[in-house]
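Visitor: Work out the full structure: start from the sequences and follow the hints.
Which chain is which? The protein sequence lines are A and B, in order. Just so you know, the numbering used here puts 105 at position 105 of the first sequence, and the rest follows in order with no gaps. Just so you know, the numbering used here puts 48 at position 48 of the second sequence, and the rest follows in order with no gaps.
Some hints could be false.
It does not matter which identical chain is meant; a pair holds if it fits inside one copy or across any two.
To be verified - Lysine to aspartate or glutamate pairs mimicking EDC-like chemistry, simulated, CA-CA at most 20 angstroms apart:
id, residue 1, residue 2
1, K67, D255
2, K71, D255
3, K269, E119
4, K80, D252
5, K241, D255
6, K122, E64
7, K122, D258
8, K269, E20
9, K158, D205
10, K269, D19
11, K158, D175
12, K12, D87
Derived by calculation from the structure, the hints in this document are not laboratory data.
Protein chains: 2
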Amino acid sequence: MLLGSIEAGGTKFVCAVGDENFQVINRIEFKTTTPAETLQKAVDYFKQFTELKAISISSFGPIEIIKTSAKYGYITDTPKINWSNTDFLGFMKNNFNMPILWTTDVNGSAYGEYVTANEKIKSLTYYTIGTGVGAGTLINGKFLGETGHPEIGHIRLKRHPDDLNFPGICPYHGDCLEGLVCGPTFQARTGHRGEDVPLSDHVWDIMAYYVAQAALQTTLSILPEKIVFGGGVVSEQFLDKVRYEYNQLMNDYIDVGDLENYITMPTVKNNGSATVGNFALARRKLE
Amino acid sequence: MLLGSIEAGGTKFVCAVGDENFQVINRIEFKTTTPAETLQKAVDYFKQFTELKAISISSFGPIEIIKTSAKYGYITDTPKINWSNTDFLGFMKNNFNMPILWTTDVNGSAYGEYVTANEKIKSLTYYTIGTGVGAGTLINGKFLGETGHPEIGHIRLKRHPDDLNFPGICPYHGDCLEGLVCGPTFQARTGHRGEDVPLSDHVWDIMAYYVAQAALQTTLSILPEKIVFGGGVVSEQFLDKVRYEYNQLMNDYIDVGDLENYITMPTVKNNGSATVGNFALARRKLE
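Guide: Set out below in structure tokens:
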């Protein structure tokens, strides 16, 4: 039995097939161009695998996840050119007569981390801090967000005293979480790309202060057993700074145990969380 | 069949018995003194009602709600004098041989609003803004917070430009949500009690800016179908200001429908949400 994974990003698609143990058997990446061309490439890829039994799609958004909506399975009004109002799930269903699961990119990653966590956990939040900022939360195997997917990337934060003049770069909100810590903020703040800014630069402390607040808000409003940070901005050294700021902000108010186990990098390496998550979701959809 | 409700506050206890339709049949209030005296009063009260079949307690905290914990049913390390490490649930169980439910004060109120909502809803967050700030969230009939109860009162917020010099009054965090908007902040900011500060005073706009952020963070991180605000600070006129600030902050990013239905006062009048919630929880515990 083979399971299919589509990790649909605004820049690239990653399609993969895996076995029942969620091991990758085959994998392909291609650039996200027009919907017609890109989705057809995904279809052509999976058509090669006759043993495929189910597919899970975790997609960039915003997407419609309310099953009773006429637009269920669509990418809705995205800033990504050509992709607004794309019936992604419908296109796949027209090509494959099998169960197909539909969820957000961060939910796919969250599920991958949930099923591969080193300890048995009941709840987990997965943040991605990259081109954008988003998060998915699982509680007892179910995604948080009954009426749609939350957009925690746009919460407001207490500003760092050394960063008060930076207006933030979110086109909707200016200095929301995403507008303060997504990858492109390095260019906006320093004129350099993030990978060229050494971790000794104070801008990383400012970033850590905000990301720690994101973790704090999550603890205080959801209290998951673990918070995982993925995405291009995150490294283990950066998370050390985040843990430090988190401790300062929390001030011993809620004990979440050892912060090294509570705020972590993904267990699945090489950005593979969503692929594993999709395999697991595809298998669950079959059952 | 009669159902029992204990709304245990740090200032007073409200005990009530109600029928299967959650109508109050009898009700008593008394001051919160020592644990021994106060809990005995609750016991004596309920002993009068031979038809009592179940009790639900929604208590001030922090409380232990993890069932596998040795301290399950306790009020843990509260600043309330004499009450730290009080085995509240155990005391009641020693006196009554019937199902007894144990949850937080805000969860009790959230459940009361959930079962009395005018429309059928799947999820709801209830905030109290009074002496302290807290919230309870229900999703599909279950409380959010598997490993303990969240403490959303202590999230950080973007500061209002006209309020930057106010340090906040939370002993743990200074300018967290509670430190910025709980009832006693009126005294700290203006030297007057909240009920003596007219709604035309700019301090109410500042309060609304922060409370709107609390609602916004809730929408963006949990996306409940409804957010209810109770507690002494809240009025319908104040919520109008909150809705205005919420709209500005959200900037059309997520459509939650008519804000008049999304951000509301409690449906149950006269601070009765927790009593109704307890009756409903007691009945559920019986089933």
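Visitor: Take the hints in turn and mark each one as holding or not.
Guide: Evaluated hints:
no.: 1; hint: K67 / D255; result: between (38 angstroms within a copy, 17 angstroms between copies)
no.: 2; hint: K71 / D255; result: between (42 angstroms within a copy, 15 angstroms between copies)
no.: 3; hint: K269 / E119; result: within (17 angstroms within a copy, 45 angstroms between copies)
no.: 4; hint: K80 / D252; result: between (42 angstroms within a copy, 18 angstroms between copies)
no.: 5; hint: K241 / D255; result: within (19 angstroms within a copy, 35 angstroms between copies)
no.: 6; hint: K122 / E64; result: between (26 angstroms within a copy, 18 angstroms between copies)
no.: 7; hint: K122 / D258; result: within (17 angstroms within a copy, 34 angstroms between copies)
no.: 8; hint: K269 / E20; result: within (19 angstroms within a copy, 54 angstroms between copies)
no.: 9; hint: K158 / D205; result: both (14 angstroms within a copy, 18 angstroms between copies)
no.: 10; hint: K269 / D19; result: within (18 angstroms within a copy, 56 angstroms between copies)
no.: 11; hint: K158 / D175; result: both (10 angstroms within a copy, 9 angstroms between copies)
no.: 12; hint: K12 / D87; result: within (18 angstroms within a copy, 56 angstroms between copies)
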